[in-house]
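Let the sequences and hints guide you as you build the complete structure.
From first to last, the protein sequence lines are chains B and A. Residue numbers for the first sequence follow my numbering, beginning at 220 and rising by one. Residue numbers for the second sequence follow my numbering, beginning at 220 and rising by one.
Hints listed in this document are in silico derivations from the structure and should not be mistaken for laboratory results. It is possible that some hints are incorrect.
As the list claims (entries may be wrong) - Partial list, computed: chain A residues near chain B (C-beta under 7 Å):
(1) Ala-251
(2) Tyr-343
(3) Gln-355
(4) Gly-373
(5) Phe-376
(6) Ile-387
(7) Pro-389
Quick reminder that beta carbons are idealized off the backbone N, C-alpha and C, glycines included.
One-letter residues, chain by chain:
2 protein chains.
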Amino acid sequence: MSKLSSVAVLRIGHRLVRDDRTTTHAVLVSRAMGSEVIYMTEVDDEIKKTLDKVNKRWGGENEFRLEIIDNWKRVLKIWKENGGIVVHLTMYGAPINQKIKEIKESSQRILVIIGAEKVPKEVYFLADYNIAIGSQPHSEIAALAIFLDRIFEGNQFNKSFLDEKMKIIPSERGKNVMQRNQDYPSNSNSSSIYSRPKRNQNKDS
Amino acid sequence: MSKLSSVAVLRIGHRLVRDDRTTTHAVLVSRAMGSEVIYMTEVDDEIKKTLDKVNKRWGGENEFRLEIIDNWKRVLKIWKENGGIVVHLTMYGAPINQKIKEIKESSQRILVIIGAEKVPKEVYFLADYNIAIGSQPHSEIAALAIFLDRIFEGNQFNKSFLDEKMKIIPSERGKNVMQRNQDYPSNSNSSSIYSRPKRNQNKDS
Chain B
220 MSKLSSVAVL RIGHRLVRDD RTTTHAVLVS RAMGSEVIYM TEVDDEIKKT
270 LDKVNKRWGG ENEFRLEIID NWKRVLKIWK ENGGIVVHLT MYGAPINQKI
320 KEIKESSQRI LVIIGAEKVP KEVYFLADYN IAIGSQPHSE IAALAIFLDR
370 IFEGNQFNKS FLDEKMKIIP SERGKNVMQR NQDYPSNSNS SSIYSRPKRN
420 QNKDS
Chain A
220 MSKLSSVAVL RIGHRLVRDD RTTTHAVLVS RAMGSEVIYM TEVDDEIKKT
270 LDKVNKRWGG ENEFRLEIID NWKRVLKIWK ENGGIVVHLT MYGAPINQKI
320 KEIKESSQRI LVIIGAEKVP KEVYFLADYN IAIGSQPHSE IAALAIFLDR
370 IFEGNQFNKS FLDEKMKIIP SERGKNVMQR NQDYPSNSNS SSIYSRPKRN
420 QNKDS
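Right, here's the structure in full:
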């Protein structure tokens, strides 16, 4: 993947219902793009259910987790005590283009903080880096995605997820989804363990 | 910015209320990351209001627009007739890492299609490229952001927005926001046209 050993995401603030969809996106981006865990202070059951479904279908149940926490400051403190750095993504921060190299060189363990909307002022001072993914308002999901893409240099997309039931075979046209045959061990790497689902492969279009 | 002359975003599908927040994110990402227009078939008034507010405060009212359309196929057809290419972002597509160079070389005008959830099957065949920003489910906002970041190679963050009332001065700690002095012409480039707002600069933390 890269020399990075561990990336975690800490999402501060979540307004129930209003933020459910964006929170789901933040969770799935964290999972799909190489982080190991997303810490959240509050979360709707629906979001946990969505993640469980995705993990069961597309793999990685033991590689990515959503962890509910009481106290984000404690998570941050422990992360730092264990030699990790904390990067807070904010439109007010220093430009990503200028800082990404320094961040990559400074630690193999990165805790990325994103806020649902405004974050407590302390975050700006507890973080090792306040980084702007552009200085215009947009989306914490977009900011997280670009940050992870820059950190992993695109290699996050080469990751395989273990124990998946379905697997996408990249395709220039349409959808090509293979289904894992149940009689093969889940950790086999042979491509013969997959077969095309019997249903029309384009049914979901 | 780059040799690209024009990037537009076409968002297909929007389920009212449920998708309002993610749609707002898609609109703001399109604006902040170098595209000129987002075409949408349906949109809540709140989203237009949010964009208006952002344009008024942070600039770019004449540089980015949200356009409501009746018929996405027509938009796509006209785009192609004018020599542009169409890139559909989908987890089923060909890997971005393998295709980005070819896309950048093939046209200076790119229409990027993202779907709120499932898109009509025809999109896969009308697009010039079906591109996967990873083959795992995550977020069309994240996919769009990474695609634009790859296309513009980070230079989208150097863009200035005209006629802004507020401007962020990137900062390693806290928030540094300057307010445009009303007695300076809006197209002046001198930094002296800005002053720090009189209110406590960290009030919004």
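Hint by hint, here is what the structure shows:
1. Ala-251: Holds - the Cβ of A/Ala-251 comes within 7 Å of chain B, reaching about 4 Å at its closest.
2. Tyr-343: holds, 5 Å
3. Gln-355: holds, 4 Å
4. Gly-373: Since the shortest Cβ distance to chain B is 5 Å, the answer is holds.
5. Phe-376: Since chain B brings a Cβ to about 4 Å from A/Phe-376, closer than 7 Å, the hint holds.
6. Ile-387: holds, 4 Å
7. Pro-389: With a closest approach of 5 Å, the A/Pro-389 hint holds.
Of the numbered hints stated above, none is contradicted by the structure.
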